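All chains should be modelled from the sequences, with the hints used to inform the complete structure.
Protein chains in written order, with the working numbering: chain A, 1 to 198; chain B, 1 to 423; chain C, 1 to 287.
Each statement offered as a hint is correct.
Straight line, CA to CA, 25 Å or less: simulated DMTMM-like cross-link-like pairs of lysine to aspartate or glutamate:
{"id": "1", "chain 1": "C", "residue 1": "234", "chain 2": "C", "residue 2": "113"}
{"id": "2", "chain 1": "A", "residue 1": "85", "chain 2": "C", "residue 2": "108"}
{"id": "3", "chain 1": "B", "residue 1": "34", "chain 2": "C", "residue 2": "141"}
{"id": "4", "chain 1": "B", "residue 1": "162", "chain 2": "B", "residue 2": "69"}
{"id": "5", "chain 1": "B", "residue 1": "112", "chain 2": "C", "residue 2": "118"}
{"id": "6", "chain 1": "C", "residue 1": "144", "chain 2": "B", "residue 2": "88"}
{"id": "7", "chain 1": "C", "residue 1": "151", "chain 2": "B", "residue 2": "122"}
{"id": "8", "chain 1": "B", "residue 1": "34", "chain 2": "B", "residue 2": "417"}
{"id": "9", "chain 1": "C", "residue 1": "144", "chain 2": "C", "residue 2": "197"}
{"id": "10", "chain 1": "A", "residue 1": "85", "chain 2": "C", "residue 2": "113"}
{"id": "11", "chain 1": "C", "residue 1": "37", "chain 2": "A", "residue 2": "148"}
{"id": "12", "chain 1": "C", "residue 1": "86", "chain 2": "B", "residue 2": "77"}
{"id": "13", "chain 1": "C", "residue 1": "148", "chain 2": "B", "residue 2": "114"}
{"id": "14", "chain 1": "C", "residue 1": "151", "chain 2": "A", "residue 2": "21"}
{"id": "15", "chain 1": "B", "residue 1": "112", "chain 2": "C", "residue 2": "56"}
{"id": "16", "chain 1": "B", "residue 1": "162", "chain 2": "C", "residue 2": "141"}
{"id": "17", "chain 1": "C", "residue 1": "48", "chain 2": "C", "residue 2": "120"}
{"id": "18", "chain 1": "B", "residue 1": "99", "chain 2": "B", "residue 2": "88"}
{"id": "19", "chain 1": "C", "residue 1": "37", "chain 2": "A", "residue 2": "141"}
{"id": "20", "chain 1": "C", "residue 1": "148", "chain 2": "B", "residue 2": "119"}
{"id": "21", "chain 1": "A", "residue 1": "45", "chain 2": "B", "residue 2": "274"}
{"id": "22", "chain 1": "B", "residue 1": "394", "chain 2": "C", "residue 2": "209"}
{"id": "23", "chain 1": "C", "residue 1": "151", "chain 2": "C", "residue 2": "56"}
{"id": "24", "chain 1": "C", "residue 1": "144", "chain 2": "B", "residue 2": "129"}
{"id": "25", "chain 1": "B", "residue 1": "277", "chain 2": "B", "residue 2": "232"}
{"id": "26", "chain 1": "B", "residue 1": "112", "chain 2": "C", "residue 2": "152"}
{"id": "27", "chain 1": "C", "residue 1": "148", "chain 2": "C", "residue 2": "120"}
{"id": "28", "chain 1": "C", "residue 1": "234", "chain 2": "C", "residue 2": "197"}
{"id": "29", "chain 1": "B", "residue 1": "420", "chain 2": "B", "residue 2": "391"}
{"id": "30", "chain 1": "C", "residue 1": "144", "chain 2": "C", "residue 2": "121"}
{"id": "31", "chain 1": "B", "residue 1": "222", "chain 2": "A", "residue 2": "50"}
{"id": "32", "chain 1": "C", "residue 1": "86", "chain 2": "C", "residue 2": "40"}
{"id": "33", "chain 1": "C", "residue 1": "144", "chain 2": "C", "residue 2": "162"}
{"id": "34", "chain 1": "B", "residue 1": "420", "chain 2": "C", "residue 2": "197"}
{"id": "35", "chain 1": "B", "residue 1": "162", "chain 2": "B", "residue 2": "88"}
{"id": "36", "chain 1": "C", "residue 1": "215", "chain 2": "C", "residue 2": "39"}
Simulated DEER-style distance windows between Cβ atoms:
{"id": "37", "chain 1": "C", "residue 1": "55", "chain 2": "A", "residue 2": "3", "range": "37 to 45 Å"}
{"id": "38", "chain 1": "B", "residue 1": "204", "chain 2": "A", "residue 2": "76", "range": "50 to 58 Å"}
{"id": "39", "chain 1": "B", "residue 1": "108", "chain 2": "A", "residue 2": "31", "range": "48 to 56 Å"}
{"id": "40", "chain 1": "C", "residue 1": "11", "chain 2": "A", "residue 2": "1", "range": "49 to 57 Å"}
Calculated directly from the structure, the hints in this document are not laboratory data.
Computed from a predicted model, the values in this text were never measured in an experiment.
Glycine included, each C-beta is placed from N, C-alpha and C at the ideal position.
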Amino acid sequence: MVGEFFIPHHQYRAMTNEFLEWGLILSAGAFLLGLVNLVQVNLPKVQRRDTDWQYKAIMLVALVVTLVIGFAGGTARQQPGYSYKWFFDYVFVPLNATMFALLAFYIASAAFRAFRARNLEATVLLSAAILVMIARVPIGESIPVVGDYLPQLMNWIMDVPNTAARRAIFIGAALGAIATGLRVILGLERSHLGGGES
Amino acid sequence: MMKTLFRTCILFMSLLSTAATAAPIDNLTIVPPKASSGLNLSLSWTFGEATTSGPEVLGLRLLRRLPSETEWTLVGEPLAPDTTATSDTVPETGTWAYKLVSVYTDTPEIPKPEALSEDASEEEQASFDAEAAQLRTAWVQTVIERSDALGDDSDMATGTTKASWLNTNPGHLLLLALIALVGGLMMVYTRRAQRGEEIYIRRIPGIDAIEEGIGRATEMGKPVLYVPGIDDLQDIQTIASMLILGQVSKTVAEYQSDLIVSCCIPIVREVADEVVKAGYFQAGHPDAYNASNIRFISSEQFAFCAGTNGIMLREKPATNIYFGRFFAESLILAETGFVNRSIQIAGTAEATQLPFFVAACDYTLIGEELFAVSAYLSKDPRLVSSLKASDIVKVLCVAALLLGTVLHSMGNTFLVDLFKISG
Amino acid sequence: MIRQLIRFQNMDRRWIFLGMALAIVVPLLAPINFPFKIDERVEAIYEKIESLEAGDTVFISADFDPASRPELEPFYRANLHHFFAKDVKVVIGSLWPFAPPMVNPWLEEIAADHGKVDGEDFVFLGFKDGKELAIKLIADDVVKAFPKDLKERDTATLPIMEGKRQLQDFALMMSVSAGFPGTREYVLQVQGQYNLDMASATTAVSAPDYVPYYKSNQLFGLSGGMPGSAQYEKLVYDKYGNDSGLINARPIATQALNVLNMGHLFIVLLILMGNVAFFLTRNIEEA
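This is how it looks when you write it as structure tokens:
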């Protein structure tokens, strides 16, 4: 895959495309393993009536129901009128949206706890956060006198120091990723394969 | 009969047309591009003197065939009338013949046969396709004849594909050199480390806190929760997380504590299982390994998040370790861990999630520090040397950035152009 | 009073949740619509689409799920209205498995409003697994990546796909992306290689990551989060509001900005009050 970036030859690309398709098939196959693991871990706990076994039972029932209605619907399962579509629209979408919506509350709680002006750096962080939060929304633009300047200041903060810091993180992470990748490719690190020095 | 009718209509309309911005197409040149895959060709041409009579040109169409064939095939989308270059991907290597023709504002659209019903049989579909191909060929022939009659086409030209085994664009070569440099420096520093030379790594409190956290979990009789992110195994952050998990599981086994690993991707779960098993074996406590503690929760992001939260609230781990690639679920996980009063150590190279981890966790490893953890914990000289190598390259990158900024400010774009990666 | 300030700093976080809930619900019931300005990055998307001609074909990669629906659905809808109002053809694919069942009904609803024909004026190709690998395949050969569309028709035979094999054959590419895989992967893997005209609409948390791509002209436009969606909605619905296809269009993001206003204001006030309490109690504790 790394070679594909440097080798444009169509025969090489054909070979890598073949590997990619194999990779996709293997990833799909691994889902079966995941399914087996879910049942292997949770079913005994339900049978033994361990702590909170009811939640595990609900999870297993949901797993079976989703599998059955997914297969029953076939390739048309996403069309209106199918149970799968009903589950998607009225169970999955609200649950998914709810979990994401929790972030709004958790951000408020985390911000209240973490944004204290304990030292100079914390004060700078706190000030930038307040400024960006206010300038990002129309209410900030409507503040008399400063309202016209707040978005410009916010854009400057986002475009200059923020972008500079992100780029620094990207470059550092990219170099770290190259080093880690080379360590793995050259066999210097093998612990992710379950091996390593005894 | 349809073909004759089309030709008659087009010739009749050409007599009635007024206006004129047509020009003959000259010097059609076809060459394989630099760093070609062997299946593409670059075409360029020029225009002759514009004529002042004849119909207005709507655009250009490119035609292609093998030199041994007689029928031309339309390729690509219509080109703007002032286009002077384009490229084409051919179905196989070899020599191909091309021709450019002009299409006029009064040229009818490519005719199509009557639409098939949705439940048409395969024979009907095949017949439809054959008729569509026939009409298309007739249209192409008509366009060629008209364009030729008005002198607004190009002569036939041929070009041969040529595949390259190495992309010799400067940007690509530079990147190759950079990777070779990192590898070379790694070799150099590995040799030095193996000869006994001490390689300094600065203290990273977040990594030191891992052992403290495991110790705390042992004292409290509670497990350690390890979350390797939600991305696939091919992501470098997940690989780095698996490398760290090996060290963590060994330490947990030595402390005789429990380790729960919560995985979002099934294949990551399988690898984590092997890694943890190996860690327990290396620590000399194979009997303490519990496969049911390595859990696949769900491959859906928020279902995984909810499941992991459930583990936190029910099993109440004393220490939560989040190393890998995280997205929106990062804050939800960290906040739930905070409610449990767990020690939380996070590390990710995902810049969008770092603020959430910084706000909610006790220790956060930023970007490349995540990739340094396994070397830091193992103290293996070969691994530590790779950190040194990447640090040297980082210094070179900073130097290139500064030099490039100065040069660019002075109007010299040499360094900026050198680092461009295209094609 | 000091004890109360200390209690305030350590208050049960459920009070914060309650305050946040009120900050969200009240503006929905009693909206105050503050005016807002259009960001140049959003305007760039609008202007580029305005420069397209009738009959051009574009590719949209709809890579989001129900979680990011509030931020991206308004943009997606306005974008479709914009394309259809200009008689531009739309080909949509997705790299996220939960996008098609959510996104396809909106496409069909909006296409019906504009009297567009499936297979000729628009098509939904479905979901392609494989993340970056899928992106490379799509860029190289859209038809091979999606041999059949969502309705099991052969992609190659659809009239809208005539002459369209690679991403570069499309007039432009729009990435409506909530994360990974999405805009960044398209930019890193294929934008430069195929020299694509590409823009992105993304969540507010990801938008700052893509600003460098906008600055280096790898993206010609960038819409971030709900404010970006609201700005784009305003541009489109102000110009095409009288078009018959837009009768059912509702400026969702513009209305949701009221909630964003109050939410941000609540958090800012909370932080300020927390810091006031911190400073007052810190001096006493030190003393």
